[in-house]
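S.K.: Read top to bottom, the protein sequences are chains R and E.
Throughout the first sequence, residue numbering follows the working numbering, covering 1 to 316 in sequence.
Throughout the second sequence, residue numbering follows the working numbering, covering 1 to 483 in sequence.
Just so you know, the hints here were simulated from the structure itself, not pulled from any lab data.
These numbers were taken from a predicted model, which means no experiment stands behind them.
Wrong hints could be hidden among the right ones.
As the list claims (entries may be wrong) - Selected chain E positions facing chain R (Cβ under 10 Å, derived; list incomplete): (1) Ala29; (2) Leu32; (3) Pro33; (4) Phe34; (5) Thr36; (6) Leu37; (7) Arg38; (8) Phe39; (9) Val222; (10) Ala223; (11) Arg224; (12) Leu227.
Said to hold, decoys possible - Each pair of labels, with its calculated beta carbon distance range: (13) E:Trp9 <-> R:Thr229: 55 to 61 Å; (14) R:Arg264 <-> E:Ala60: 39 to 45 Å; (15) E:Trp9 <-> R:His234: 38 to 44 Å; (16) R:Arg264 <-> E:Ala13: 53 to 59 Å; (17) R:Gly170 <-> E:Ala60: 45 to 51 Å; (18) E:Arg38 <-> R:Gly165: 28 to 34 Å; (19) R:Val240 <-> E:Thr80: 56 to 62 Å; (20) E:Leu10 <-> R:Val240: 44 to 50 Å; (21) E:Leu20 <-> R:Met275: 57 to 63 Å; (22) R:Ala253 <-> E:Ala192: 58 to 64 Å; (23) R:Pro232 <-> E:Leu20: 29 to 35 Å.
Virtual Cβ for every residue (Gly too), placed ideally from N, Cα, C.
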Amino acid sequence: MNGSSKQFRRDLMSALSPAVVAALHDLELAARLVVEGVRAGGHRSPLHGYSAEFQQHRPYRAGDDLKHLDWKVLARTDRLYTRQFRETTSLSAMLVLDSSASMAFPPTGISKFRYASVIAAALAYLISTQGDAVGLMSMQGDDFAFIPARGGRPHLRALIARIDGLDPAGTWDAPRTIARAAELLRRRGVVIVISDFYDAEDETGRALRRVARVGHDIVMLHVVSPEETTFPYHGDLAFVDLESGERRLVDAAGIETAYRTALREFLERCRTRAMRDGMDYALLSTGDPPERALREYLLRRNAPTAAAPADRRGVG
Amino acid sequence: MIWGNPWAWLGAAALVVPVLIHMLGRRQARVLPFPTLRFLAASRLQPVRRTRVQDLTLLALRLLILAFAVAALARPLFSTAARDDALAAMLSRVVIVDTSASMLRTSTDTTAAAVSAATADSETAAASARREAQRIANDATSSIVVETASPAASLAGAAAWLGTQPGPGEIVVVSDFQAGTLDSAAVARVPASFGLRLHSIGVAAPDGPVEITSLTGDTETVARFTLTEDATSAEWFVRPVAERSGTVPLLLAGDGEAMVADAAFRAARHAGHDVRFGPDRPIAIVYEEYEGRDSLLRDALALDSPWMAQTLARLRDDDLLHTAGATLAGIRDGGVPRAGVERTAVTGGPAPGDAMTPGEPFVGVGHASDGSTLALAARAPIEGRDHLVFFAAIDPGSLAAAALIGSIGRALSNAPPVTEFEPAVTPDVVLASWQRPPVDRAAGGANTDASDGRWLWLVVLALLVGETVYRRSLRRAATVAIE
Chain R
1 MNGSSKQFRR DLMSALSPAV VAALHDLELA ARLVVEGVRA GGHRSPLHGY
51 SAEFQQHRPY RAGDDLKHLD WKVLARTDRL YTRQFRETTS LSAMLVLDSS
101 ASMAFPPTGI SKFRYASVIA AALAYLISTQ GDAVGLMSMQ GDDFAFIPAR
151 GGRPHLRALI ARIDGLDPAG TWDAPRTIAR AAELLRRRGV VIVISDFYDA
201 EDETGRALRR VARVGHDIVM LHVVSPEETT FPYHGDLAFV DLESGERRLV
251 DAAGIETAYR TALREFLERC RTRAMRDGMD YALLSTGDPP ERALREYLLR
301 RNAPTAAAPA DRRGVG
Chain E
1 MIWGNPWAWL GAAALVVPVL IHMLGRRQAR VLPFPTLRFL AASRLQPVRR
51 TRVQDLTLLA LRLLILAFAV AALARPLFST AARDDALAAM LSRVVIVDTS
101 ASMLRTSTDT TAAAVSAATA DSETAAASAR REAQRIANDA TSSIVVETAS
151 PAASLAGAAA WLGTQPGPGE IVVVSDFQAG TLDSAAVARV PASFGLRLHS
201 IGVAAPDGPV EITSLTGDTE TVARFTLTED ATSAEWFVRP VAERSGTVPL
251 LLAGDGEAMV ADAAFRAARH AGHDVRFGPD RPIAIVYEEY EGRDSLLRDA
301 LALDSPWMAQ TLARLRDDDL LHTAGATLAG IRDGGVPRAG VERTAVTGGP
351 APGDAMTPGE PFVGVGHASD GSTLALAARA PIEGRDHLVF FAAIDPGSLA
401 AAALIGSIGR ALSNAPPVTE FEPAVTPDVV LASWQRPPVD RAAGGANTDA
451 SDGRWLWLVV LALLVGETVY RRSLRRAATV AIE
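Use the sequences and the hints to build the structure in full.
M.R.: Right, here's the structure in full:
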């Protein structure tokens, strides 16, 4: 890669706005740009598991990393031994992506689904490139769209291609999808749910709680659009539910306050429930650059907090 | 401003439609997809009526569009000085001057002498009308002035003459427009391509009563009418017949006919016809059994006096004589044919005792229903003086004979008909509604002529564009601002 293309990439990364993300049709490229934007901040991924497993000792050779020197053996035997590890995939992450029709909003610009796809691909890229396994669970119609958690670049590409092939349509059974994703995660891992969480709020909360009790780490990435939060509508409007097709005539100005209150309460309810059940929760707005949103989330997750659950693993 | 199709203004009723729509209609809600309606459940659509300020502007725009469209359909023609000058430069004009008795009236004296004097008076309404007519006629490129006692009957001839002239044509009627002088039916018969201008000349109402007399022996019954614009009062009385010299025509009849001829004369006077024969217009009626009839026929000459020609012309249109002629055939069919009425084709004038057929120098007077002539008129010397002689072909004692005498008397009389004393005139507003400007027929005639409506259509188009822009701006204002 020559210097000019590097400069272009740096410029692109420095201004990876939602519009740019929407314009990038190559989801893998978008994911890489997002991840490199995250790394450019100098943050290590918090999604670490048991990255190496002890295998044997061998005599120290010049040039070996001193951090792998077994100081205890040196103290007992006064000999230098280096600890050798077997590289393993120690983290399994499952991306649960909401592909219901409600994610296809707003109809113009970057939709919530596109935004969620970029975030999911970026996380997959991030997890995969650090040697961990990542899988995908979604729903298309009545069928699950499932890719098991594995590592490796070919798998990553297949996963991103699968994400790219999803279309937001119909409804999705969030509790069943989340439960199924946890089942298919063979060992304890991280279940990352990217959704607007409009469907079956209580059932979804219960499903997430059950999965958390099994020992999985739950991350709720709640995607909303500015149009939903600000409700910048005027006049008489016939709102059509993207999932059910139901039509409702409203005087936008008349119901604006009530709508905002209801939405704020809903978001607060989601956040409170996640905190109570020891889940990570992040509210992502499609109006924010995805790499910034992801970095801020990762920074928050990486920060030591008293409220962090006891079973959270692999930090650092 | 002239409206070529004023009926189009009925379309102005359509202005109610947008008003109703704006009052009763709702703004159509814009459809917008949304992720979920769960937070909109508590909202309720408030009724929104189009009574807001911005909608009033839209309503005004739409009303203006309709109003201008209706005005354009009404085919307006703006009157400008240049257009009037151009029109007048090629205008043909017929000026019809009403010379009826009412226009000649200066006093209540309706005798022939008085009317004749009034006619000669330069200050009569007719004289004023003539001067006005001449002034109007001089403004046109080509013009003629027609003097007539019945303007309505002259409209057709005027239109026919205008039809032969190039460019626009106009008929100007100068009259006092007594009630009945002109009516809408007569106006409607004038082709729409010709202009019609009605110039009213005010005349004095009769300042005295009008008398109608009927003779009965030595007395006459007088009906005296006092006419005003508001009411008419009548008064009847009987008075002795005033002695009038030379008021009896010369009735030349056989011995057996003299009595009945005199009776017919009395009947004619008794029927109410003011039969007055002046000494300066000698009349003779020659019946078939008069012994000198044949010699008079031989001595008959062609008419050479204007008064004779005028008298015969008036007889031609006399209703009384026509009616009498129509009934005469029935009498004959009843078995009382008159000798000499049966006729054969003879040219060059009738020989004594031959059939009565008009021919030089004889002029036929009156016709029976079978086409036969009631009398022949010619000039003949009687007692050394030229008389207008009527050679009657009818029974001197018949009603037809009385009608002939009465009709001749009326034809000689200058007394105007009673209708000429009608004080009411056609209102100015009605006259104004009948008037219309001349239309340039070169531009396509009355129904397809050019109008200034195209400018109004341009205004309509501009308003339509404005309405569209304004409507879209309203829509944009209600549109979601999506970044």
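S.K.: A separate judgement is required for each hint: does it hold in the structure or not?
M.R.: Results for each hint:
no., hint, result
1, Ala29, "4 Å, holds"
2, Leu32, "5 Å, holds"
3, Pro33, "5 Å, holds"
4, Phe34, "4 Å, holds"
5, Thr36, "5 Å, holds"
6, Leu37, "5 Å, holds"
7, Arg38, "7 Å, holds"
8, Phe39, "4 Å, holds"
9, Val222, "88 Å, violated"
10, Ala223, "83 Å, violated"
11, Arg224, "84 Å, violated"
12, Leu227, "74 Å, violated"
13, E:Trp9 <-> R:Thr229: 55 to 61 Å, "57 Å, holds"
14, R:Arg264 <-> E:Ala60: 39 to 45 Å, "43 Å, holds"
15, E:Trp9 <-> R:His234: 38 to 44 Å, "41 Å, holds"
16, R:Arg264 <-> E:Ala13: 53 to 59 Å, "55 Å, holds"
17, R:Gly170 <-> E:Ala60: 45 to 51 Å, "49 Å, holds"
18, E:Arg38 <-> R:Gly165: 28 to 34 Å, "29 Å, holds"
19, R:Val240 <-> E:Thr80: 56 to 62 Å, "59 Å, holds"
20, E:Leu10 <-> R:Val240: 44 to 50 Å, "45 Å, holds"
21, E:Leu20 <-> R:Met275: 57 to 63 Å, "59 Å, holds"
22, R:Ala253 <-> E:Ala192: 58 to 64 Å, "59 Å, holds"
23, R:Pro232 <-> E:Leu20: 29 to 35 Å, "34 Å, holds"
Checked against the numbered hints given earlier, this structure breaks hints 9, 10, 11, 12; the rest are met.
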